[in-house]
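Number of protein chains: 2
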Amino acid sequence: MAEKSEKAKPKDRIEELGEEIVRDVKGGRSPRFVTLARTRSNIVFDQKEGYLKLGKSKEERSFLNVAQSKRFMQTIAIAAKCHKFVTENLHTTIRGLFYQLKYSLGEDIDENIFNEQAESNPLIEDLEVGLGLSREALNLNANRKGVLAGNMKIKDKFGDEMIQIDCSKQGRSGWAIPSDVDNDIEFVDIKAKYVIVVEKDALWQRLNEDGFWKKENCILITPQGQAARGTRRLIRKLADAGLPVYVFTDSDAWGWYIYWTIKTGSINLAYIGKDVATPEARFLGVTMSDLDKYQFLNKLTINANEIDIKRAQEMLNYEWIKKSKEWVTELERMIKSKKKLEQDALQGPRLTFVGEYITEKIRNKQYLP
Amino acid sequence: MAEKSEKAKPKDRIEELGEEIVRDVKGGRSPRFVTLARTRSNIVFDQKEGYLKLGKSKEERSFLNVAQSKRFMQTIAIAAKCHKFVTENLHTTIRGLFYQLKYSLGEDIDENIFNEQAESNPLIEDLEVGLGLSREALNLNANRKGVLAGNMKIKDKFGDEMIQIDCSKQGRSGWAIPSDVDNDIEFVDIKAKYVIVVEKDALWQRLNEDGFWKKENCILITPQGQAARGTRRLIRKLADAGLPVYVFTDSDAWGWYIYWTIKTGSINLAYIGKDVATPEARFLGVTMSDLDKYQFLNKLTINANEIDIKRAQEMLNYEWIKKSKEWVTELERMIKSKKKLEQDALQGPRLTFVGEYITEKIRNKQYLP
Chain B
21 MAEKSEKAKP KDRIEELGEE IVRDVKGGRS PRFVTLARTR SNIVFDQKEG
71 YLKLGKSKEE RSFLNVAQSK RFMQTIAIAA KCHKFVTENL HTTIRGLFYQ
121 LKYSLGEDID ENIFNEQAES NPLIEDLEVG LGLSREALNL NANRKGVLAG
171 NMKIKDKFGD EMIQIDCSKQ GRSGWAIPSD VDNDIEFVDI KAKYVIVVEK
221 DALWQRLNED GFWKKENCIL ITPQGQAARG TRRLIRKLAD AGLPVYVFTD
271 SDAWGWYIYW TIKTGSINLA YIGKDVATPE ARFLGVTMSD LDKYQFLNKL
321 TINANEIDIK RAQEMLNYEW IKKSKEWVTE LERMIKSKKK LEQDALQGPR
371 LTFVGEYITE KIRNKQYLP
Chain X
21 MAEKSEKAKP KDRIEELGEE IVRDVKGGRS PRFVTLARTR SNIVFDQKEG
71 YLKLGKSKEE RSFLNVAQSK RFMQTIAIAA KCHKFVTENL HTTIRGLFYQ
121 LKYSLGEDID ENIFNEQAES NPLIEDLEVG LGLSREALNL NANRKGVLAG
171 NMKIKDKFGD EMIQIDCSKQ GRSGWAIPSD VDNDIEFVDI KAKYVIVVEK
221 DALWQRLNED GFWKKENCIL ITPQGQAARG TRRLIRKLAD AGLPVYVFTD
271 SDAWGWYIYW TIKTGSINLA YIGKDVATPE ARFLGVTMSD LDKYQFLNKL
321 TINANEIDIK RAQEMLNYEW IKKSKEWVTE LERMIKSKKK LEQDALQGPR
371 LTFVGEYITE KIRNKQYLP
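The listed protein sequences derive, respectively, from chains B and X. Using this note's numbering, the first residue of the first sequence is number 21, and each one after it goes up by one. Using this note's numbering, the first residue of the second sequence is number 21, and each one after it goes up by one.
Bound conformation, chain B alone (with noise of 0.2 angstroms):
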């Protein structure tokens, strides 16, 4: 499990978990594979450290109970095939794998192992809970989305070679943050003080246009969107290093579950949970009490949809917002005027605008929790 594992290396801990079957098989016991079990009711939210985490549940494959036989063989074919990667050092997706797997059965042989990517995907997530290693470390890539820009540097190892990026030399594009931030990767030079986190990429150019992280000395980082493993992941890091988190999203359903994610981590990803979750993030706006503020915004909300309605009222049940008074009043606000406000609408006076209103939200740190 986790805790036993997170100083071996992938090789080892696959290997180890070979043995253990070696070693089943030899003393005549039936090999099996303990995981935690990755369902509903064993997703439980850490109120402590404020983050979604696995309960401690255990499933169990074992290669002599018939109802278990075939997951334990993928799991343990799967693993096989981690190995080879890890070992070639080679990188693919769980759709290579998946073609891999397919492919490594004989000729002779009719039935595939695995029919559709489909019956593959949750074992690969067996394989991280029991291994107590991210896929990444497996050295399988999840997709990949969001840009930084900000006074620091990386170095990643390609090739033979160890390459130097400098974040605050990537002009209009940005430096496109990876699947795996963790292996042959080091982020060195840190020189920001915060980390603002931009929803949209539209906004993001916005901000970098202005020179925004270099004025602020800030890293300016947008997931476009829904926050990546390997983002969300990246923000962690940032965090552990000292940085302070914002999030700039829109005030509306989407937004918020950005937000959210970000900060609590998600239940899909709940199996590793502390590693991508960030609860010292703090939400910059927009708000809706921007607008008692900012006279002119009133002039830009656009119409709340059901969606947006029925999540805020979703979001008062969660014992965690609850507990906060500025969020039940953002809610509450929207349920009963049933507007929401764009980060774009920022840009309606000028569209510098918006770096200005980030500067002052933080200095007069105007933020919830």
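This list has only true hints and no planted wrong ones.
One copy or any two copies: either way a pair holds, since identical chains are not told apart in the list.
Here are the simulated DMTMM-like pairs of lysine to aspartate or glutamate, each with C-alpha atoms no more than 20 angstroms apart in a straight line: (1) K73 / D295; (2) K177 / E229; (3) K235 / E108; (4) K175 / D230; (5) K234 / D180; (6) K78 / E40; (7) K294 / E69; (8) K175 / D186; (9) K189 / E229.
Just so you know, the hints here were simulated from the structure itself, not pulled from any lab data.
Since chain B is already given, all that's left is putting chain X on it; use the hints.
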């Protein structure tokens, strides 16, 4: 119209429009704005050049015409804002423009110029066509997507600084292709010999990890699915620099669509057809005929769905497809077998096979027109 303004600066071009209007008003004539029709009936496929473009039908918005005066006023309001953006040397998106227009009416006027962005979008296209300027030249960023690696450098004006980005030193990330690849940006030191466009980012990462672009001295691009404006334009520019362009996608409806969009342009962007189409592009694969040459792929086909079959049938009716025996064979084979093939499947035997496949296909000139 497009012809006369190709060398004009955006600011001058908008001012010309303003001066024309003033002349009309002073001369007692109704001010008007002329653009090309972007209706289906005015979109033609240029057989000789091989791309989709607008025909010669014109549309006029006249101020003193009750049916047209609102659109005339809206178009001029957009032109005025773009003039402001260009003068300030600041960029935004069409969403940012929408909010500036909403904002700019005084507090005492109840009626908004635009109530929905859907109203302003087509008018921006009118302006692009009427002025012969792309929206990027009007300082309106479009969505960006796509990544590049290879032996070339980029000079990108960022603030007062000219930043140089080496696309061979971007590690696992690659250089993120921006929305605008024409203004204040230059491509220099293009040492690569050809361009390979890979549909999926997953495969781009696979090839990038293998140092494929380094060994082959090519430029490795992924549009990350359907190509955004910036990526299409960049491919066109690299073809203009004399580099052959090969496109590598799945053998299915979506993959073909991505290819044909890069090659011939698309109906939506027919109004800037020539600038975003690369008729010289060749289709490298994967193809149904790969099944004959690479036996193992027969185990790795997946079922074609209804959309794939329907799309293949439609494509058989296109004039330019009918002329190509190879494409007809491809499409008929998929319709008959009801099977399709993903580029990911090439990883079946070994992860590095993807690069071997590409090299062999190019060497043997095994590509479709």
